[in-house]
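Protein sequence lines correspond, in order, to chains L and P. Under this note's numbering, think of the first position of the first sequence as 0, with each following residue one higher. Under this note's numbering, think of the first position of the second sequence as 1392, with each following residue one higher.
Please keep in mind that the hints were generated in silico from the structure rather than gathered at the bench. Just to be clear, a hint being listed does not mean it is correct.
To be verified - Here are the computed lysine to any residue pairs in the SDA-like style, where the Cα-Cα straight-line distance is at most 25 Å: (1) L/K138 <-> L/I423; (2) L/K231 <-> P/S1453; (3) L/K635 <-> L/R653; (4) L/K655 <-> P/E1605; (5) L/K83 <-> P/H1544; (6) L/K363 <-> L/E188; (7) L/K607 <-> L/K158; (8) P/K1425 <-> L/F668.
Unchecked claim - Going by beta-carbon spacing under 10 Å, a handful of chain P positions derived as facing chain L: (9) I1422; (10) K1425; (11) E1429; (12) I1441; (13) P1449; (14) M1499; (15) A1500; (16) P1503; (17) Y1504; (18) P1526; (19) V1572; (20) D1584; (21) P1586.
We put the beta carbon where it would ideally sit given N, CA and C, even for glycine.
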Amino acid sequence: MDINRRDFVKLLGGSLFGLAVGSAAGAILKLPDSAKPILYTGPRIESWKLTACTKCPGGCSLRIRLIDGLPVQAFGNPKSPVNKGGICPLGLASVADLYHPARLTSPVKKVNGEFKPISYNEAFNTLSNNLKKIISNKKQDKVFIVAQTESKLRSDLFKTFSDTTGFNNLILDSFEETSAIPFMKAAGEAPDFIDFDKCDYLLNFGSQMTEISQNPLYFMRKINDFRAKGNKITAVQPKLTPSVSKLDDWIPLQPNQFGIFALGIAYVLIKDEQYEKNFVEKNFTGFDDFKKFVLENFVPDNVEKLTGISSDKIIETGKKFEKASAPVAYFDESALYNSNGTNNAYAIIALNALKSFGGYGKVKANPFTSKDKNEAKQNEATTYAKLNEQLSSSNGIDALIISGSNFVFNNPNPDGLKKQLSNIPFIVSFSSFVDETSEFANLIIPDHCYLERLDLLTDVSTGLPIATLVQPVIDKPFFKTADTGDVIISLMKELKPDAKLSYRNYSDYVKLAAKKIYSGKEGILMNQNKPTVIEKGLKQIGWSTDQIGSFDDYWDSLSDAGGWWNPYGEISAFNPKIEFKNIFDEKSFSMINTSSQSKTKLRLNIFKRNLDYKGNMSIYPVLVEQFGNFWNAYYKLWAEINPQTARSLSLSDRSKIILKTSKGKFTAFLVYNPSVIPGNLDVPFGLGHTVLGDTCGVNPLYYSDNKFDLVSGLPSFSESSVEVEGAQVRSGLMSALGLTGQKQLAEN
Amino acid sequence: MPRYGMVIDLNKCNNCEACVTACKLENNVQIVSKENAEMGRAMFWIKMLIKNYSGNYPDIRSESLPVSCMQCDEPSCIKVCPVRATYKRDDGIVAQIYPQCIGCRYCMANCPYTAKVFNWFKDEQPVENEKTYNPDVSVRPKGVVEKCTFCIHRLQKAKEQAKAEHRKIREEDYQPACAEVCPSHAIYFGDLDDPSSKVSKVMRDYRKFTLQEELGTKPKVYYLSAMTE
C-alpha cells in the first residue's frame, strides 16, 4: 500500500488520539458491531461527503467530515447559494443524531405499555392491516396524518399518499406550508420570495428572519446587504432579539395585535390616497368594504389606545410604507402563534395589496411546483385546528399517522392531548426517537437519520430555484430503521395495488424529481462556476456547452456537487387576486386591549431561540448547554423582565422565582433585561422535555392557556397571564428610588 | 513570519452563536455537568456577551459581541505563569503547553477578558458526543487551564498540506472553525501583516476597536462596531 507523508502524519496523529480516547471507547454505545473495529483500530483516514441539513426549512448544503468512514463533524458547503459555507448551531450539532443513545434501532410495538422490538415485516404488516381494515369499513375520514417535514418532495409524497388512499385528513406541518395558509386562503397562491433587488422597505411582523424562518442563513446575508444599500427595516416584534437589535426600528407589540397595527398602517395609506388604485380595483375583491372598515375603526388614535403604540409612530411607519416604491409587509408562521394569528395575517396581506405586493416576487417556470399547489384553496388545507376539533368530538379518530412532528411538546394542553391520544385505537409514528408524541404510538417504524438517506430539498425562497441533495454519507444505515418515504410508497402499493406508480421506492421518487431538472437543461451544478454573459447568450440562441450526457452521468455529477441551482432563473411580479370573506369585521378584530389587568399580573411571552426548531434541541447536549449561556442560566428556565417592572414588584435580578399561571406553578431564574416590554415576562421555549433527550428545565407552553389560532390551530405563545409568587407592589417612593425587595430588607 | 489576527464585523454578526457551537465541537471543549455549570464552571472558548444596552425603552438596543482569547501581542497571562506553560509563538498565537500547566490559574486571574477556563474534572463528554470528537485535538487533562488557540491544529494541517504541494500557505488554507462556519461571514481571519490579506484590509475600517485598549495588551482580535443611524 502506498502511503504519503500526509497520510503518515494522520496515522500518527490518529494513533496518539486513539490513545487519548482509548479509555472512553469502552463506554461507546449505539454503534453497530460492524463499525466498532474501525473505530478502535482504523487508520484515521479523513474523507468528506456532501449532503444537506434537514433540521429546519433552510436546506443548507453540508460538508460532512468522516474519519475512517464515520461522520464526526458538519460544516457548510461554500458552493451552496443558500448558505455559502455558513452553518447554524443546529446543523453543527446534528451529526450526533447518528450516534444518539436514545435512537430507536428497530421498529417497536407497544406491548403492555412497553415498547418491544419487532421485525420490519411485522411492523409493516401491522400498519397495513390496520389501514386496510379502515378502508374496508370506509372510515378514511377518521384517519389523520400529521407530517412535519421541510422537504417539499416528501410533502408531495404524503399528498400523493393521501390522494391515492383517500386518507384526506393530511396535516402538512412544514414552515412553508403553514406560513402560506393565509395567502392560500385569501389569494390561492403565495409569493415565492422577497425581491430584495426591488424591495426598498421591509416591515416585518414577528418573523425571526435570521433565526427561525424559511431560510435563516440566506436572510442573514441578504438583510445585511439590504441595510448596506441604505434600505430600512422596521421590526414589529414582542421581543428585541439580538438580530432585531441591529435594525433601524423596533416596534414592541404583542403578536395578537399585529392585525390592528397593520390596519392602522393601512389607514394612513388609504387616508393619504397613496395606495395602488389600479391594482386594488382589479385584484382586491371587496376593497370598498375593507376601506370603509379601516377608515371607521383604525384611526391612529384608536390604534394607539388598543396597542399602546403612539399614533405618531403609526403615522411615521405608515408614511415610510407609502413612500417606498416596493415595500413588503412580511410575516411567516411565527405570526400565526396567537389566537388571532390568521386574521392578523389577512390584515398584513391586505396591507401588501395596497402597494400591489411590490416587493414580493414569483419564480417563473418553477421546476419544483407540485401538481396540487392550489389544493389548499380548493379543499381547505387540513390544519391542527381540525385535528384538535376531531380529537375533542365524540366522533373520534380511528388511526393517527405521525411523521416528524412532536406536537404534544408544542402544545399548551399536553394532559388533555395525552388523554385524547390514548383513546385512539391505532397510532403509528415514524419518529427516530421516543418523544412526547411518539410515546403514545402503538407502533414506531423509526426513520433513517438524515445522514443515512436520500432526499432532494427544493427551494425558491431566494428567488432562484435551488435543489440541494440529501444523500447517505455512510455505506449503509447503522440500524434496522426504514426510510419513511419507502414505507409510504410500499404502503400505497399495498393499500391500492391498482395504483399506477412510476417509482418503486423513495430513491426512485427523488431521481424522478432530479430528472425533471435534468430534462429542463437549465441551471448549473453547485460545483460549477456561474456561466459568463457570453456563455449565457450562446445558450439562449441554442448553443450548449453542456458536457453531461445521460441522466445516470448527470445523477453522479449531482451527487458530487451536492446540488443544483439556476442562477439565471426568471422571475415575475406577484400579482394575486385577493378576496377576504367575512374577515374584516369587528368580530375578527375584537379590539381587546390585552395589556395586563392588574399590577401583579404579567403577560407570559414565550419566545424561541435559533438553537431549537419545534422542540428538537434536547437531543443535542452541546446546544442544551449553550441555550442559556447568554444569561449564565444553564440547564434551567430563565425569565427576562424589564427592571422597571421588576422593581415595582420587588423582584431582584438573578433570583429564583416561582411563577403561577392558571395551570400551576413552575420555577424560573429571573434576569433583568431593559429591552423587555414592561409588564411582560419573556421565557424561552425549548426546555422541559419529559421524554426526549435532556429533560432539564420547564416547558412554559404547558403552563399557558389553551388558546389556539382558529384557522391554523397553532398554539398561542403570548396570551397568558402569570404572577410571580411573593411579588409585592411597591410604594411609589421605593420604586422611584429603584430599590428592590432584598435591598429594602437589608436597609431595614 | 505571519502575524495571525481576527476581525469581527459586528454590523454583520447576527448573534446566531454558530461560532460558539463550532468552537466547542472543533476543540472537544468539555460539556460539564449541570451542577458544575451552575457553579460557573461551564467551559466556552468563545462566548456571546452583551456589551451594553443603549437608549431607553422602547428606543433601546442591545450590543452583543462574541468574545474569545484576544491573542494579545502583550499578553498579561504569560507574564504571571510561573512555569511558562503559556507563551507567545512567533506567529503571534498565544499558546499553551498543557503538560506543563500546574493549574495555579494565575493566568486566568490576570486575563482582563476572562477568556481562559479551567478543567475542574477529567473530560467526560455526554455519550451523545463521544463519537463526534475531533481527532485532531487532544482532550485536556484535569487540572489545566485552556483557551482559544485560533484552532492551531488547523494551521499545522495547512502547513503540511502546503509543504506537500510545494507552495506557500494560502489565506483560505487556514481559518479557525468560528470563521469558517459564520453564516453571515462576519469573522475575518488571516495575516495582519500581509497588506493584501482580507483581514488587514477590513482592519483599516474606521469602525475598528479592540476591547480594553487602555490596558495596553494589544489584542489581535479586532471588532468593527455596528452601524447605527
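Verification of the supplied hints:
no., hint, result
1, L/K138 <-> L/I423, "holds, 14 Å"
2, L/K231 <-> P/S1453, "holds, 18 Å"
3, L/K635 <-> L/R653, "holds, 13 Å"
4, L/K655 <-> P/E1605, "violated, 37 Å"
5, L/K83 <-> P/H1544, "holds, 24 Å"
6, L/K363 <-> L/E188, "holds, 14 Å"
7, L/K607 <-> L/K158, "violated, 29 Å"
8, P/K1425 <-> L/F668, "holds, 15 Å"
9, I1422, "holds, 5 Å"
10, K1425, "holds, 4 Å"
11, E1429, "holds, 6 Å"
12, I1441, "holds, 7 Å"
13, P1449, "holds, 5 Å"
14, M1499, "violated, 17 Å"
15, A1500, "violated, 19 Å"
16, P1503, "violated, 19 Å"
17, Y1504, "violated, 16 Å"
18, P1526, "holds, 4 Å"
19, V1572, "holds, 5 Å"
20, D1584, "violated, 25 Å"
21, P1586, "violated, 24 Å"
The structure is inconsistent with the numbered hints 4, 7, 14, 15, 16, 17, 20 and 21, although it conforms to all the rest.
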